[in-house]
Amino acid sequence: MSASGPSRKANGDRIAELARRIPVNRSTVTTAGRLTAAAALRRVPFPLRPPTVPGGVDVPVAKSTLGANYDTDWARRYPARMARVLMLEGLVSPAMQLLAAPRLRGLDRLTDLEGPAIFAANHHSHVDTPLVLSSIPEPWRHHMFIAAAADYFFGNKLTAPLSALVIGAIPIERTKVGRKSADDAAALLDEGWSMLIFPEGGRSPDGWGQEFRGGAAYLSLRCGVPVVPIHVEGTGRILRKGRSIPRRSPTTITFGRPLRPTDEEDSRRFATRIEAGVAALADEDATDWWQATKRAHAGDSPSLQGPELGAWRRTWTLGDRGPKRRRATATRWPDLD
Amino acid sequence: MPRPGFVLDVDRATPPVLFHHGENFKLEKLPPGRSRIIYPGEPLEPLDDIEGAIHHALVNPHGDSEPLPALLRPGMRLTIAFDDISLPLPPMKRPDIRQRVIEQVLDLAAAAGVDDVELIAALALHRRMTEDELRHAVGDRVYDAFAPHGLLYNHDAEDPDNLTLIGTTDQGEEVEINKRAAESDLLVYVNINIVSMDGGWKSTATGLSSYRSLRHHHNVKTMQHSKSFMDRHASELHSSNWRMGKVLRDSGVKVFQIETTINNNVFGTEGPMSVLQKREWEWTTRDRVAFMGMKAGLDRMPARTRRSIFQSWRAPHQMTSVQAGEVEAVHEVTTANVYKQHLVPVEGQTDILTMGLPYICPYNVNSIMNPILVMCLGLGYFFNLYRGKPPVREGGVLIMSHPTPWEFHPVHHPSYIDFFEQVLAETTDPIEIEAKYEKSFAEDEWYRHLYRTSYAYHGVHPFYMWYWGAHAMQHLGQVIIVGGDVRAVRRLGFKPASTLQDALEMASDTVGRDATITHLHNPPILMADVT
Amino acid sequence: MKALQFERNVPRYAAAVLAGRAMPGAGARVGPLRLRDLDAPRLPGPDWVELRPRLSGICGSDLATIDGTSSRYFEPIVSFPFVPGHEIVADRKGTDGSDRVVVEPVLGCVTRNINPVCAACARGDLGNCERIAFGDLEPGLQTGFCCDTGGGWSTRMVAHPSQIHPVPADMSDEAAVIVEPTACAIHGALAAGIRDGDTVVVIGSGTLGLLTIAALRAYTPASIIMATAKYPAQRELAQELGATQVIAPSELKRAVRRTTGTLALGDGDIDRLAGGADVVVDCVGSEASVTEALAVVRPKGRVAMVGMPGHVHVDLTGLWQREITLFGAYAYGTETLDDGSRRRTFDLAFDLVRGADLGRLVTATYPLSRFTDAVAHAAAAGPRGAVKIAFDLRNERERTRA
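Protein chains in written order, with the numbering used here: chain A, 1 to 337; chain B, 1001 to 1531; chain C, 2001 to 2402.
Worth flagging that the hints you see were computed from the coordinates, not collected in a lab. Take these hints with a grain of salt, some might be off.
Stated by the list, open to error - Simulated pairs of lysine to any residue, SDA-like, Cα-Cα distance not exceeding 20 Å:
hint	chain 1	residue 1	chain 2	residue 2
1	B	1093	A	110
2	B	1439	C	2262
3	B	1436	C	2224
4	B	1439	C	2259
5	C	2253	B	1421
6	C	2230	B	1422
7	B	1093	A	104
8	B	1026	B	1036
9	C	2253	B	1445
10	C	2253	B	1448
11	C	2253	B	1424
Can you make the complete structure from the sequences, with help from the hints?
Written as structure tokens, this is what we have:
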């Protein structure tokens, strides 16, 4: 918005006058009389800009449509689904092959599985989600939704629709069990969608797992859908919590036998069984199936949560599963002769 | 609802019939009015919950046996033996039945705290299985858990340190089996029954034995008195094995037998290959296009490509029954289930029997079908797929369709090459062959070396292939091979013909002008119940 | 006289080499071998006799000469121009069928009028004569390679009395012409040193191979004789003449392995045998046959080269590592039999030809005028179902002139 012709001239006269009377530098003089952006904006009339609130009135607080209240139904309509499939097959899958070179084991355990399932995996890295999504075979592969942390993924207006579109996420509260998220998830499961959930609730802070929460178990009991335990190994090396630059590293994804809750189990006990299932898969990946099965039957599978030790000893016991050391750069010593 | 097999009388309106011709197919017209075609039944529905059925079988055994969990205790020696690469045919899609059963058995063993477990591929004198083949059969998990420690291996029938002479039957037949199997506290045998010849005591008494034992029933006399060896009750082969089984049982070898049956869904009921299993008058336009496309492609391909395409086919056949427990009780149930899929009632015999031979037999999985195997498949297996009497009369003619290439796989079948070059050049009479040559081939050091260290069938194996057809050779008046390599067919002692019509013409010398014809329609397999 | 003469003509020789490479036997058409009208050879000495050939065979060494594939080794011991033909049954001059003789072609000291004779000739080992390029005659290892003697492929030739063997009246001309090659075969078979119960392999079932099989059966204690034969006619003859097994050449290693029961290296596709046959007689003389012979003989075994080789490229490591004896067997002389007696090879040959009816091996005869056809037939004898081809000179109008 510029001033009209004659006022410009008037401005110029004023500046010349100022410069003559007060010795200041040239740039200050040229910008002295100009309108600032804020001032220009203040000059815009009301409909084009938000209203100011008069004193003495109460403004009702608008309901936030972010976080757990974000509506993700649009992301399951056909165009969004098509876009997601294309992204998964064209972008995400090849990227995962390049970054993580995943080795898939135990897929034959899913041959008899019919209908939707809840896929429960351990969580070490943001890479887990695209990696597992690109590893799950048909017919569940293109009918997945993900329970994602409401505060992290649906926190602002940009990440919310992106999460819903790209990974097919629905918001789930981490801090308290929300009615809405549970109902949304159950409704989708009943419709035939399969769910991917990380029962730990968040990524591992130190390389060891955290206790499995009851969400997957609860939904399985409520909707009669089996839980497929999945163990993901190696993503901690790719992109740990706290890092932002991913490094290439091979990974292994082991699928377990689908678990169904027995009649006497409640969601707490079933959640423990699911965690034991993933622990057995971790054992199977680390050693071999026979030893893992023997230990699983005896209740001796090494726990995912690691030993109850102090911080450095926990990292120490991680061993190969921990972050890889950088190769020491060769130090050149000066010639000492 | 799968339809049962039936016999079709050929009339003028019958379309040309699909013949298997090795790694290709032919459509042949059979003369109307005097031909009949035996069609196999459609594939039975597989079990719904396979894992559940296996578990049920393991805890609800047949016969005088405790459930498997009761037989497992910590500190025991457990051996699991399983059928080798000759079953099922064609190889199954993953996961293989053996993988499913063995994982469940091992799961129970793990729960019971059993540590000393060994797994043996019960291959008798067949060739050793490669790593890939073992992985396909038992699955990667079991393979990776046991093979690196040497606890999953192929039975070695020529290792004197690993064989035990258990005893002798009342007819003087020596029973010698794998030492580990004999000395275990429990031997679990995981078996696939594709035809009624498999299973029962034959699993252990043949699969885990040595030449010393096998020669008592793998000989001309036994095979000539097995009419047929697909019918246990009319088979001297099985009587001998049952006698040996009695010796095993009486000596304390405890066998928990798990037998399974599969349906005959070789090429699938949907998909482009399903046309090969359908009745010709039910081919839709799509089927016909698919068939013509397949045939055009196959005709243009070199033999090697055709062979590799067919050998890589994994069939979708699935489990139709599983039973476990005491050997003989289990086998009765299994046989009934096999008959349910395979048996087709047939009335009377005809003068001529025709059949198209497929590209695969139990002894050329991932390999080449040489002329001796063609003879074994036709005169051995297919001819003997009957109960009661053969569908062709005594003195009749057998016409088989197969390219019969003069080609041998040098690694898998070295002794077959020598058998074909030297033995068959002299004589094709099985009795003479047995008397003059069997011993030298069985004891040849180099064949023994290849059997033990390479992937070769035992030196004596081609002889067993020849004996398999001994009953047929006795019964038939003439054997003609259509479309086969002329020199190879002559060397086998048969007559070569270039087309089916020529073959029928040649047959009229033996059975007269208006001979009646039976055609066994395969794929898939069937068993004729002839009255 | 009419004769086929081989002269020294370098461009024609080069043409023959090229033609021979394209098709065996084609060297006759373009090479230095030509049908000519010549003067009969003069008698080199007073006791020499003039002969009129009746039948004269074409030998493998003749074919090699015509096609230019024979080695330059022969140059000093051959004198140009010569009339080829050393397998000869002939009439003495003036007779016609009543006084037939077979010529023993080696030109040793006696024929060359060399006194005293060399050690070999004294022993009776004429083939080892050290004076074949000296004496009264021009250089020439045999009649048929010497310009002074003439040769079988003509209507007139000369021979020394020591070379002459009378033909019994009941023996046909065909039987007589095959005597000389039979003598080569017998000499080779006996030189191989075969012991009781040995397994012997004969490589090649051309004329020489078949005759060797017959010789092995008749004069050695060989137990199993395995012969390689490519063509059906050869196979049948090999079996009739006494081979225990007749095998396709590509299957030889496998057949030897199974007959001797040894182990082999290589997984099914047999690369190398651990053991092998006791003796191998190579009646072909090519690179492939020598390599094959060395491959199928057992350690400390013996390989006899009876067929004439040329320049061959062979890996001799096997020879060294397995202590194999490789030796040549050439022509004939005097043989020592098992019982210690000494007889001339040609006498043994006469016996064998009669006993095994070897005259039937002469498959076809040609007049001199059709010599290109004859040579082509001889070069392709195997595929054409023939064994020995010979020139028939009985009907040459020419020969009855004076």
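Verification of the hints:
no. : hint              : verdict
1   : 1093/B <-> 110/A  : holds, 14 Å
2   : 1439/B <-> 2262/C : holds, 16 Å
3   : 1436/B <-> 2224/C : holds, 17 Å
4   : 1439/B <-> 2259/C : holds, 14 Å
5   : 2253/C <-> 1421/B : holds, 13 Å
6   : 2230/C <-> 1422/B : holds, 17 Å
7   : 1093/B <-> 104/A  : holds, 18 Å
8   : 1026/B <-> 1036/B : holds, 18 Å
9   : 2253/C <-> 1445/B : holds, 16 Å
10  : 2253/C <-> 1448/B : holds, 18 Å
11  : 2253/C <-> 1424/B : holds, 19 Å
Hint compliance for this structure: every hint is met.
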